[in-house]
Amino acid sequence: MKLNLKVWRQKNGSTAGKMVDYVVDHVDADMSFLEMLDVLNQQLIDKGDEPVAFDHDCREGICGMCSLYIDGQPHGPWQRTTTCQLHMRAFKDGDTVTIEPWRAQAFPVIKDLVVDRSAFDRIIQAGGYISANTGNAVDGNSIPIEKTVSDEAMDAAACIGCGACVAVCKNASAMLFVSAKVSHLSLLPQGRPEHQKRVASMMTQMDKEGFGGCTNTTSCEAVCPKGISVTHIARLNRAYIAASLSSPKQEEAK
Amino acid sequence: MSLTGLFLCTFLIVHMSGNLALLKNDGGRSFNEYAKFMTSFPPIKVVSYVTYFFILLHTVQGLMITLQNRKSRPVKYAVTKPAGASLASRNMAVLGTVILLFLIGHLSQFWFRMKMGTLNMVDYNGVAHTNLYEAVTLAFSNPLIVILYLIALVALGFHLLHGFQSAFRTLGLTHSKYTPIINTVGWVFTAIVIGGFAIQPLFVMFKSMG
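Heads up: the sequence lines are chains A and B, in that order. Per the numbering used here, the first sequence starts with residue 6, numbered consecutively. Per the numbering used here, the second sequence starts with residue 13, numbered consecutively.
None of these hints come from the bench; they were simulated from the model. Treat the hints with care, as some may be off.
Covered stretches of chain B (in silico footprint by chain A; criterion: 3 or more residues with CB under 8 Å from a CB of chain A, positions within the stretch not fixed) [said to hold, decoys possible]: (1) 67-81; (2) 86-98; (3) 101-114.
Under 8 Å between C-beta atoms, here's a sample of chain A residues computed to sit facing chain B [stated by the list, open to error]: (4) D98; (5) G99; (6) T103; (7) R108; (8) V173; (9) A177; (10) G215; (11) F216; (12) T220; (13) V228; (14) K231.
Virtual Cβ for every residue (Gly too), placed ideally from N, Cα, C.
Starting from the given sequences, assemble the full structure and let the hints guide the process.
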């Protein structure tokens, strides 16, 4: 099939970008969206033009590296699918497809469709971990965990940190990401001791990065490639209120 | 936002049920007596000042959150789709602005004139009452004013549909058992408030038409 693409081109973070029209021919329905972009880039390279920069790594839907706002939706029209797992059979011959980078104050464009998502890394560094003491590994079965609770923690742990939640949110809020990380650690016994400190530091860092506030539109849940539920956001709100009321003022996240 | 919003929800239900006195066929006596009680009984006066304050606070909070959230995305998308977000949830600021404009008109139409004492008085058993009923029935016999009120009610309805359940989420009050109940209560609450308010101008208008 033949597609008309409108692709955001931007040389670097300090220059203005614009949408550029391309036509890609010989697109196979079995190609992934990223393979279609590979075809486009080969065309551009053959002509001596600069290829389109886009993020990708595993191309198996598990690493969270690929992004792209395709026709007004993060990761394109399919639900619970990353861009690398989106196949060209989702499009018809002659379609016009608009491809933009994630748009958020906290995710500045590096080049073309590549954005800097290290704001997420800094939120994790602020508290998205468990301080583990060295020593012998304990027997996993010695800590009983209720099945429903471990399932809930596992569902939260499915977050790949791609940033689609921020990209789609009208407020560019990172609450779904932060709440998934907090749920996956704090629901389990190993994560309980640092729970309140974690919530306070991660929320402080999130605000510092310039993400917006959550207004419960639930569009993040709708586009999340891993189907993370907004229930985690409510749990985080509850934990944040409890942490603000009970614990002493946390030292500012570094 | 959530706490002020939920407080204003309680105000809405009280304001709506009290004003149902308008429907009583006694020449407006019970409505005027109710109005006098609401404006002279000290505890109610305190509550009404708290309400004015919360309306302002809710507005200022909303404005600040909206401005901050707009700043979080300096470059807009060329193409966007709503993606699971309801119409109301995407337009809370617009709906809120419509409601605020309505409130300014509504307060200057009745509340301000009552406070300024520019309305006629009426005697019930020798006690002077402001004849607010006369002002209200006069206003609502004008179909244009009734239409403006109904438009404001539609905006309020959508605002409540999102706001009620969103407030509970913001406070972290979700639970697999109770959240469906909260959502249903939100719908029923919205229907009662909007239905109750809508019936009043419509009733007066049709009555004035004979």
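Evaluated hints:
1. 67-81: holds (count 3)
2. 86-98: Answer holds; 13 residues pass the 8 Å Cβ test.
3. 101-114: holds (count 3)
4. D98: violated, 20 Å
5. G99: violated, 17 Å
6. T103: At 5 Å from the nearest chain B Cβ, A:T103 passes the 8 Å test, so the hint holds.
7. R108: Constraint on A:R108 satisfied, holds at 5 Å.
8. V173: Hint holds; A:V173 Cβ to chain B Cβ min 5 Å, cut 8 Å.
9. A177: With a minimum Cβ separation of about 4 Å from chain B (threshold 8 Å), the hint on A:A177 holds.
10. G215: This hint holds: A:G215 lies near chain B, its Cβ roughly 6 Å from the closest one there, short of 8 Å.
11. F216: Holds: closest Cβ of chain B sits about 6 Å from A:F216, inside 8 Å.
12. T220: With Cβ-Cβ at 7 Å, under 8 Å, it holds.
13. V228: holds, 5 Å
14. K231: violated, 15 Å
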